[in-house]
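S.K.: Single-letter residue listing:
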Amino acid sequence: MDILTQQLFNGLTIGSVYSLVALGLTLVYGILHIPNFAHGALYMLGAYITLTLMLLWGVHYWIAMAVSVLVVGLLGVIMDRLVFHPLRNAPPIHDKIAAIGILLFLEAFAQLIWGADYRTMETPYGQVIDLFGMTATMQRVLINIGAIVVMILLFLFLKKTYIGSTIIAMAQNREGAHLVGINTNKVAMLTFMISGGLAAIAASLSAPINLVFPGMGHLVILKAFVIIILGGMGSVPGAILGGYILGFTESLGATYLSNDYKDIIAFLMLVVILSIKPKGLFSREGF
Amino acid sequence: MGSLLKKRGWIIGFILAAILFPFVSQNEYFLHILTLAFIWMIAVYGLNLLAGYTGYLSLAHAGFFAIGAYTLGLLTVKAGLNYWIALVLACFLTSAIGAVVGLVALRTREHFFAIYTLCVGYIIYLVIDKWDSLTGGVRGLIGIPAPTSVGPISFQTPLSQYYLILFFLLFTVLVMYRIIHSLTGRTFIAIRNSEDLAQTIGISTMKNKLLVFVISTFFAGLAGALYASFIRFIGPDIGYITIIFDLLTYLLVGGIGTLAGPIVGTFLIVTVSQSLQFLQDYRMLIFGPLLTLLIIFYPRGIVGAYHDWRMKSLAKKKQQLNRKQTYVHTQSTETEKKIKEG
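Taken in order, these protein sequences are the chains called C and F. Taking the working numbering, the leading residue of the first sequence gets 27, the next gets one more, and so forth. Taking the working numbering, the leading residue of the second sequence gets 1473, the next gets one more, and so forth.
Please note: incorrect hints may appear among the correct ones.
[Said to hold, decoys possible] 25 Å max Cα-Cα, derived DSS-like pairs, lysine-lysine: (1) Lys-303/C / Lys-1784/F; (2) Lys-1784/F / Lys-288/C; (3) Lys-212/C / Lys-186/C; (4) Lys-212/C / Lys-185/C; (5) Lys-1602/F / Lys-1550/F; (6) Lys-1784/F / Lys-1796/F; (7) Lys-288/C / Lys-303/C; (8) Lys-1550/F / Lys-305/C.
[As the list claims (entries may be wrong)] Covered, in the sense of this in silico footprint (three residues per stretch, anywhere, with C-beta under 8 Å from a C-beta of chain C), are these stretches of chain F: (9) 1501-1508; (10) 1558-1568.
These are computed hints drawn from the structure, not numbers from a lab. Every residue gets a Cβ at the ideal spot worked out from N, C-alpha and C, and that includes glycine.
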């Protein structure tokens, strides 16, 4: 029983990180219909920027994270402007390959600057606390709270603000949005900005409990793809739900099935889902 | 007819150059690199048929490459089978697994297909990496034998292996050429251009897509098996995602959906990365943006760009010719008028 609650909490923590990454991915997919393979590289850069700021200049964790969100968000915008915007009318295979090209570049770039070795990130919240009878580090609690706060803010932004509804409008119908006077280019840039920012938040939150290295985005991005297929490509609630489902499945699978094969669980899940329903579990019906 | 002759000239030139190369250069290092490039070309041809001609971007091909390599390795090392039987079995096992995967994977389309195959590739990699008792896990498989001799011909020297793999490459190109210029090849292209339209005019898309997938994995498996017997050592990282990215780079630089593309692209990138050896881990700093820029400006690679350029200059010539003719024509009518008037 004790192990079970501990593992459920673990699943919640992992799930929060997955959800944040998948949210960025699903937003971009909803707007531009691009499976952004480079999203994992943005996640990785987010962790590195936070780490560097903390190590080199001794910046406080939260400030470092804020800077990282801004930088990675801007990087997303640059990516959109330089690569995806010129390709908007190209056949879909081109976007994918271009995104892979960006991924390869950013990874090699990180390796050039920061080296290939694994690093750990210190956190000011390393203390162990007692939470309803189970032990957890403060950082893990923080990941959960942080993720939920970000999700609520994003939800309010999308539902309650004028700019947020332009994003939803564009996701529903690009031409229609254009017709009623929405500047689709600006909305696309904004979406990439938010998407990059979400990746940076997820990476900065989870880096202290994981390791930081150039290939750290690989598995996360693959799982994020699994999640958005699980939750329906482009659906925001689907991404959140899918993230938590995957988090729980993984942490429970790791304890009760096999730790070696825990990464396979996600992919097997996807293979099974797509085998039964080739268009994903929930087909998209707006936000 | 002229273009056909020219095309044939290119092909004969390439074959002659490949056959004569070992006589020109005795350097064993070059021979090794070239042989390796030939192996990659076979795999890239397999990918090209699927991604270039049928429009399905499979990211699982590194996995199939690894399946081919490991099947050959396990059959020869652990089961002690004859090399040639193992080679044939490796190819067929890979295509059999390809058929099973394809049956399910091809129900999905576009992005779903890419993500699905990416996950399949990753599962293959993880299984190879974790199935310690069979594949040797991260330690890999050592001591894979070189091809055994056929009659009087033995394949122990690098030179003979070079010719053997060149033979397989030419075989691959021949098969591709025949497929692409047949009705089946046209069917694949029709599916790429519009699957719905293809279905409307009575093409069984699923059957054709499955056929393409199986052929494509067959060549991935062949390349993998040849790789295993050439390098003599295989580790799980030959199934990792970076390999499929390498293959994609070769294909895109050369020209996706062109017959000569895989050869041009692989040759160019392999030789260039050999001279950029000091970059090794950082070569993606150059190839990553290159890939992206190519897809924006020259989506059909070097061969495609050359093609477009040829077409344009031909069209221009034709236009000039037409203009001259009309000019002559008007002149002659004018003189006729003058005569009549006179």
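S.K.: For the pair we were handed, Lys-212/C and Lys-186/C, check the Cα-Cα distance against 25 Å.
M.R.: holds, 19 Å
S.K.: Run the distance test for Lys-1784/F versus Lys-1796/F: straight-line Cα separation, threshold 25 Å.
M.R.: holds, 18 Å
S.K.: Check whether the Cα positions of Lys-288/C and Lys-303/C lie no farther apart than 25 Å.
M.R.: holds, 23 Å
S.K.: Next pair to validate is Lys-1784/F with Lys-288/C; report whether the Cα-Cα distance is within 25 Å.
M.R.: With Cα atoms ~55 Å apart, Lys-1784/F and Lys-288/C exceed 25 Å; violated.
S.K.: Does Lys-303/C pair with Lys-1784/F here, judged by a C-alpha cut-off of 25 Å?
M.R.: Violated - the C-alpha atoms of Lys-1784/F and Lys-303/C are around 46 Å apart, more than 25 Å.
S.K.: Are three or more residues of the segment 1501-1508 of chain F within 8 Å, CB to CB, of chain C?
M.R.: violated (count 0)
S.K.: Please count how many residues of the segment 1558-1568 of chain F have a CB within 8 Å of a CB from chain C and say whether that reaches 3.
M.R.: violated (count 0)
S.K.: Given the hint that Lys-1550/F pairs with Lys-305/C, test it: the Cα-Cα distance must not exceed 25 Å.
M.R.: Distance ~42 Å between Lys-1550/F and Lys-305/C Cα, so the pair is violated.
S.K.: Checking one constraint from the list: CA of Lys-212/C to CA of Lys-185/C, max 25 Å. Satisfied?
M.R.: holds, 18 Å
S.K.: Starting from Lys-1602/F, check that the Cα of Lys-1550/F is at most 25 Å away, please.
M.R.: Cα-Cα ~18 Å, so holds.
Violated hints for the displayed structure, listed by number in ascending order: 1, 2, 8, 9, 10.
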